[in-house]
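J.: Full structure from sequences and hints, please.
Those letters in the sequence shown? Residues 1 to 170, per full-length UniProt numbering, in order.
Any given hint could turn out to be false.
Unchecked claim - Cross-link-like lysine to any residue pairs, in silico, SDA-like; alpha carbons within 25 Å at most:
1) K28 x W9
2) K28 x A131
3) K137 x V75
4) K137 x K8
5) K137 x P78
6) K8 x P155
7) K28 x K159
8) K159 x G108
9) K159 x G66
10) K159 x Y92
11) K8 x K28
12) K28 x K137
13) K28 x L93
14) K28 x P52
15) K137 x I27
Note that these hints are calculated values from the structure, not bench results.
Just so we're clear, the structure is a prediction, and the values are computed from it rather than from any experiment.
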Amino acid sequence: MDKSNTLKWMVLTAMMSALITVVTMMIKIPSATGGYLNLGDFVIMISVAVLPFPYALFAAGIGSAGADLMAGYAVYAPFTLCIKAGEVVILYLFRNHLESSRRWIPFGLAGLWMMVMYGFVAVWLAQSWTAMLIALKGDVFQGLLAALLATLYYPRMVKLVSSLNPKKTP
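T.: What follows is the structure, encoded as structure tokens:
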């Protein structure tokens, strides 16, 4: 792999990570769990159209954890890093559906992953299983909204990226 190609992917990864951070922080709707709803998950889901797997993984984890740190939710940052990276893993495991009419499957699974994992984080932090119900109530809208938007906009993003750069692989 030549160095200019590596540099290109590093720069795009940094830009996508920053975009995830900014979008996550820009649209903050307080939730009942003390956290907030945002469109960061939508940007994470769309990032798989822009970046190869390891770069999307990095951008999702760092961008979202950075938003937690800057927004004052540092306790969630390590969990967020893993949960958001997990969303990317799910999208890549089911990537064969992304180019079909069944693209809602990987996006829905990624949203479900996020909801359930933050539920377990709430249980761990609160030391109560009741916390999962509260967390799920707060995260269900964010997960569904991100999956719906990603399902609708992913084809447009793929078309845009392919018109700008026909080679996605590093």
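J.: Each of the hints needs a verdict: does it hold here or not?
T.: Going down the list of hints, with the structure as the test:
1. K28 x W9: It is violated: about 29 Å lies between the C-alpha atoms, which goes past 25 Å.
2. K28 x A131: holds, 21 Å
3. K137 x V75: Judged against 25 Å, a Cα distance of about 20 Å means the pair holds.
4. K137 x K8: Violated, at roughly 40 Å.
5. K137 x P78: It holds: about 22 Å lies between the C-alpha atoms, which stays within 25 Å.
6. K8 x P155: holds, 23 Å
7. K28 x K159: Not OK: K28 and K159 at ~29 Å, beyond 25 Å, violated.
8. K159 x G108: holds, 21 Å
9. K159 x G66: Roughly 29 Å separates the two Cα atoms, so the pair is violated.
10. K159 x Y92: holds, 18 Å
11. K8 x K28: Distance of about 31 Å is beyond 25 Å: violated.
12. K28 x K137: holds, 16 Å
13. K28 x L93: violated, 30 Å
14. K28 x P52: violated, 28 Å
15. K137 x I27: holds, 19 Å
Violated hints, in rising order: 1, 4, 7, 9, 11, 13, 14; the structure is consistent with all others.
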